[in-house]
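Q: Sequences and hints are given; from them, build the entire structure.
Chain order of the listed sequences is W and S. First residue of the first sequence: 147, per the working numbering; consecutive thereafter. First residue of the second sequence: 147, per the working numbering; consecutive thereafter.
This list has only true hints and no planted wrong ones.
Repeated chains share a single entry, so a pair holds when one copy, or any two copies, can fit it.
For lysine-lysine, the following DSS-like pairs were computed, each having C-alpha atoms within a straight-line distance of at most 25 Å:
1. 158 x 199
2. 199 x 179
3. 179 x 162
4. 209 x 158
5. 199 x 189
6. 179 x 158
7. 189 x 150
8. 209 x 189
9. 189 x 179
10. 170 x 189
11. 162 x 150
12. 209 x 162
13. 209 x 170
14. 150 x 179
15. 189 x 158
Hints listed in this document are in silico derivations from the structure and should not be mistaken for laboratory results.
There are 2 protein chains.
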Amino acid sequence: MDIKDRVGQRLKALRKEREMTQEKLSFESDVDKTYISEVENGKRNISMVNLEKLVLTIGYSLKEFFDDESFR
Amino acid sequence: MDIKDRVGQRLKALRKEREMTQEKLSFESDVDKTYISEVENGKRNISMVNLEKLVLTIGYSLKEFFDDESFR
Numbered sequence: 147m148d149i150k151d152r153v154g155q156r157l158k159a160l161r162k163e164r165e166m167t168q169e170k171l172s173f174e175s176d177v178d179k180t181y182i183s184e185v186e187n188g189k190r191n192i193s194m195v196n197l198e199k200l201v202l203t204i205g206y207s208l209k210e211f212f213d214d215e216s217f218r
Numbered sequence: 147m148d149i150k151d152r153v154g155q156r157l158k159a160l161r162k163e164r165e166m167t168q169e170k171l172s173f174e175s176d177v178d179k180t181y182i183s184e185v186e187n188g189k190r191n192i193s194m195v196n197l198e199k200l201v202l203t204i205g206y207s208l209k210e211f212f213d214d215e216s217f218r
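A: In structure tokens:
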């Protein structure tokens, strides 16, 4: 599976684990909601700066984010 | 430390662990050598597609790459 899809699916899963809406994530991370939606749907090749912003806002570290079978 | 610096330092450390030159990494990954140098020096906000390309070429997974204190 393409890296954009894997990152998107992982981001969505962790966001939902925290019961956080895309709106709340967008507001708290100051990242555009449409962009978040496109990242989660594998449509965006996200940069490290934006990925860290989103992951930290959801309440995880990058180490935890990539500690998943889909990145083995 | 800024995420661009942490990613750059980690990439350089793992590349050196494999005793791989920037030239060889550039040739094998099909990523421009100057770009690799700028990433390693924290000057570039690398995207996930390019980061995965470089990390896999060096012989690590993204899970291994981010399994480091600097991403905790």
